[in-house]
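**Student:** Each of the two chains sits in its own frame; use the hints to bring them together as a complex.
For reference, the chains in residue letters:
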Amino acid sequence: MARVNWFPLWNSLRIAAISTGITFFLGLFAAQRITSAPRWLKGALDTVLTLPLVLPPTVVGFFILMFLGPKGPLGSLIKAWFGWTITMRWQAAVIAVTIVTFPLMYRTVRGAFDAFDEQLIQAGRTLGLTDAFLFWRVKLPGCRDGILAGVVLSFARGLGEYGATSMVAGYIANRTATISTSVAYFWQIGENGPAYFWVAVNLVISLAVMTLVNLLERRRAA
Amino acid sequence: MNRKLRAMIAVAAALCLLAGPAAMAEAVVELNVFAAASLTESLNQIAELYKAVQPDVTLAFNFDSSGTLQTQIESGAQADVFLSAAEKQMDALAGGGYLLDGTRADLLNNKAVLIVPEGSALGLKSFEDVAGDSVKLVALGNSDVPVGQYAQDVFTALGIWDKVSAKASLGANVKEVLSQVQSGAVDCGVAYLTDAATAKGVTVVAEAPEGSHKPVVYPGAVLRASANADAAKAFLAYLTTPDAVKVFQSVGFTMAAP
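Here the protein sequences line up with chains Y and E, keeping their order.
If you're matching positions, the first sequence starts at 1 in the working numbering and goes up one per residue.
If you're matching positions, the second sequence starts at 1 in the working numbering and goes up one per residue.
It should be emphasised that the hints constitute simulated quantities derived from the structure, not laboratory data.
Among the hints, a few may not be true.
[What the hints assert, rightly or not] One side only, chain E facing chain Y, incomplete, derived with CB under 7 Å:
(1) A121
(2) L137
(3) G184
[Unchecked claim] Cross-link-like lysine-lysine pairs, in silico, DSS-like; alpha carbons within 25 Å at most:
(4) E:K200 <-> Y:K71
(5) Y:K79 <-> E:K51
(6) E:K111 <-> Y:K71
(7) E:K111 <-> E:K214
(8) E:K136 <-> Y:K79
(9) E:K246 <-> E:K51
Backbone N, C-alpha and C define an ideal beta-carbon position, used for all residues, glycine too.
Same shape as in the complex, but just chain E (with noise of 0.2 Å):
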């Protein structure tokens, strides 16, 4: 190679290098949201909403259970706003003292529902129905996810957790579960009713039973570790306004008391 071309490519790559840092202290300001994957549809509009409200906010999501959410904050993850889908994993970080002071509050509530691929011919009617002979496999989050946990729940109160923990395949996040009752490839699937409403090739067959299981209820929180508080609170701020809430709403979730 000539001095001339690689004095070119030495001048590129160093172009290169300034170029990056350059263009993040232009940038705008990141928020890392954390979100329980039912959350995903909804959380996805409304971040189109909010980029006229805050044009100078970019929203980064991390969907997953909040299960695997709270470990990874716990093990150092960037997360500036927290949305899980069951008060055991906020309540945990609380404990631990991840959470900001006074940012903590309900956001939604959600119902867990029975689903069935579509045009399942089980004739499923009810949760006890799973128990069945007929429901060879049924999917439900494991128990580090809420709606695992609210799954067992109501499967306990109805007194056949046993039976049908023994058929069941255990998913890693409501997302899939739902993949797994989309495929057809297991009999019914315990999932939120928000999700049933935007997914494709499943319907919702029962609601669980009033007070089967505790209240499924969202928190939010801003974390104590984020570097843009502010815009984080401002965030969460923003889901309680009339136009994230007709989101919230078209999708199934009502927003909880406050």
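Bound-form chain Y, shown alone (with noise of 0.2 Å):
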């Protein structure tokens, strides 16, 4: 065990928490300004928002490479302010897997607020309190437990994610290997054993983060 190298296990952590951070305002946002959207672009926004979702990650992959890379766009210009380059780097995972995963959090939070009791909002408007506060602290917390499958969710996938990741940020030993790539990678050199390991790895975060999604939807139907 000491001749395991754990980079792979708190890199695939650390890019999935930030990006279920960022998804999570993004989703709560989105979701909430959608919710009071009128019904044509309610369908036409939910379809675009929603596209990450079918679209094979390699698309998603190829986009952030045209754009954020180096000859890229949007890349070009980072690289003249900043002297950076995003791509190859743990950070493009970032954006890869927000991108991913945003469809995740965005349906499940626009489930809950769809299910919410908007009377309570109205009624906390005539006592007077203001939106923020009521959308901060009635209507989040009604929607609890959807919110939170939708977090947990994003994260989930977020884990598991390959082919956009294998994409933007390669393969780096110690800078941008993730589980998914490392189990890519030990299996095409010929290394069966790691790649056993960092499947085993996954196995059991996925199986202990599907089992906490399964308990927050049985508490929200009950």
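**Tutor:** Next up, the structure:
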């Protein structure tokens, strides 16, 4: 066990955690705005925002490379201003994972918001409470289980991201290696021992996470 | 749905089922050629020429790292011809009895080179420079990829492998290495002379020092499990004819000594 390089675990966890944090706020923001949007706009936005759910991760990875690569429209600007290249770094994986997991958070939160009794908000307004207070202290706690399920699902999906991550961050030992890219790497070079090890690690984490999701969903339905 | 419509759909479906096997019975011989990724451009050109020579043979290429192709063949993939970028993978298949006796021959030679993104301002001049601090990331093939193995040989011979591997982005085949260098996301990479010749956006800065790696030899062979052994042998033979040689040389390959 002492010879195991634990970097992929730490890297996968931090990428998934940071991405989940970002999608948490983005998802809440989008869901809240879109729930109150006009019907025609709602449908269109729903489609666009859930697109990454059905796109192959390689398509997402390709777009990120084209835009954020050092010769791409956005990437070359970043390079000119900050002297920094984002691709081939773990931060690029954060972007990839955020895009890929956003639909999960968005859909789950939208569902929870749609099921929320708006009369509570209206009642609160008659009592003179601000919209901000009502959102953070009435609506969110009321949708807590749904939101938590979204968070956990996004985290789990983010932990298991492979295609987009592999394309935008590559495999650099101790810098961008994740659990999933490590499994692919070790399999490719014929070292099945380490591959099995990381498969097992991923299984354990995924089982734990999905158990949590199921517990949360059951509480919500109860 | 009324009965007439249903009947028509049933007939159409039946026709489709019949058309499949019928089409295949009249079809040309399809040769599955598993070839190292560095042969992509040259073999695609040769395939065009081959159409005129053998119009009833279609070539279906599977380009990838020789290690990946070896694994695929060992896992039962249907291949007729295997062209590897190193002896190692061909030896492994020979040992496993996958090759058709008497068909293995050395075909081409290539060179490992250090490449940088076009317009790179780092001023790299040799393989030794890769160990320097100005190089933050170098793209190499992983240890399953021949060009990765050659690169490791070179850097080990220069005594800088540990330093270089600590900042290496490992690709699954030479085309991945190339695309990372082309994108400018890495400072340099090690690929083949032939890839640098056909790729846009990369510049060759150095060739591997003489003797620092095993000679880059591309062997070819017909696979024992091939259902079209004669067509496969004919294709392999075509690769040494003057027309094919011209294509290989135009991208930077040299022909191996027979």
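**Student:** Each of the hints needs a verdict: does it hold here or not?
**Tutor:** Hints versus structure:
1. Because the smallest distance between the Cβ of A121 (chain E) and any Cβ of chain Y comes to about 12 Å, over 7 Å, the interface hint for this residue is violated.
2. This hint holds: L137 (chain E) has a C-beta 6 Å from the nearest C-beta of chain Y, less than the 7 Å allowed.
3. At its closest, the beta carbon of G184 (chain E) sits 4 Å from a beta carbon of chain Y; the interface hint therefore holds under the 7 Å criterion.
4. Using a Cα cut-off of 25 Å, the hinted pair K200 (chain E) and K71 (chain Y) holds, with the two alpha carbons roughly 13 Å apart.
5. Among the hinted pairs, K79 (chain Y) with K51 (chain E) is inconsistent with the structure: their alpha-carbon atoms are about 47 Å apart, more than 25 Å.
6. Taking the CA atoms of K111 (chain E) and K71 (chain Y), the gap is about 28 Å. The hint is violated against a cut of 25 Å.
7. For the hint linking K111 (chain E) to K214 (chain E), the alpha-carbon distance of about 10 Å falls within 25 Å, and the restraint holds.
8. Restraint check for K136 (chain E) and K79 (chain Y): the C-alpha separation of about 15 Å stays at or below 25 Å, so the hint holds.
9. Of the supplied pair hints, the one linking K246 (chain E) and K51 (chain E) holds, its CA atoms being roughly 17 Å apart against a limit of 25 Å.
Violated hints, listed in ascending order, are 1, 5, 6; each of the other numbered hints is respected by the structure.
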